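My numbering numbers the first residue of the sequence shown as 476 and each following residue consecutively.
Derived from the structure by calculation, the hints contain no laboratory data.
Here the structure is a predicted model, which means the values were calculated and not measured.
Just so you know, not all the hints are guaranteed correct.
Per label pair, the in silico range of CB-to-CB distance [what the hints assert, rightly or not]:
#, residue 1, residue 2, range
1, ASP498, MET547, 13 to 23 Å
2, SER532, GLY593, 30 to 40 Å
3, GLY574, LEU502, 15 to 25 Å
4, ILE529, ASP486, 16 to 26 Å
Pairs of lysine-lysine, DSSO-like flavour, derived with a Cα cap of 27 Å [what the hints assert, rightly or not]:
#, residue 1, residue 2
5, LYS483, LYS511
6, LYS583, LYS483
7, LYS511, LYS583
Glycine residues also receive a C-beta, built at the ideal position from the N, C-alpha and C atoms.
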Amino acid sequence: MDRVPILKLGDILIVSIQIDLQDQGVLALQEDLADKVVATGARGVIIDITAVEIVDSFIGRMLATIAAISRMLDAETVVVGMRPAVAITLVELGLSLGGVRTALNLEKGVALLNHLEGAQIATAAR
Numbered sequence: 476m477d478r479v480p481i482l483k484l485g486d487i488l489i490v491s492i493q494i495d496l497q498d499q500g501v502l503a504l505q506e507d508l509a510d511k512v513v514a515t516g517a518r519g520v521i522i523d524i525t526a527v528e529i530v531d532s533f534i535g536r537m538l539a540t541i542a543a544i545s546r547m548l549d550a551e552t553v554v555v556g557m558r559p560a561v562a563i564t565l566v567e568l569g570l571s572l573g574g575v576r577t578a579l580n581l582e583k584g585v586a587l588l589n590h591l592e593g594a595q596i597a598t599a600a601r
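Make the full structure from the sequences, and use the hints.
Structure, rendered in structure tokens:
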């Protein structure tokens, strides 16, 4: 079984999904990512789905579950690189991906996480 690589950039973890994920691959990714968030103290997770051409309810639930796990471990999740057809399919399936933030590309995803951290710091300083 191929594992999805998890890269570290500062305090952000980047997951680039380049393979078709099956049930076991998703479970492994969820576990690997949770372990890596805790081990690194990451404040953000970016999931790049640029290479994902087709989605189904399974992939949609996987993204929402990963975001929920990350939030429980004090890290925000941003999904980047979503193709228009993927967005349309997710909406048609009724999957709003609650709690999952999105950005058009990796650069905008990093900027969003930096903005969120700045807002949290400002709120805590009050």
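Structure-based check of all given hints:
1. ASP498 / MET547: 13 to 23 Å: 21 Å, holds
2. SER532 / GLY593: 30 to 40 Å: 35 Å, holds
3. GLY574 / LEU502: 15 to 25 Å: At 20 Å between Cβs, range holds.
4. ILE529 / ASP486: 16 to 26 Å: 32 Å, violated
5. LYS483 / LYS511: Holds, at roughly 9 Å.
6. LYS583 / LYS483: 17 Å, holds
7. LYS511 / LYS583: Distance ~23 Å between LYS511 and LYS583 Cα, so the pair holds.
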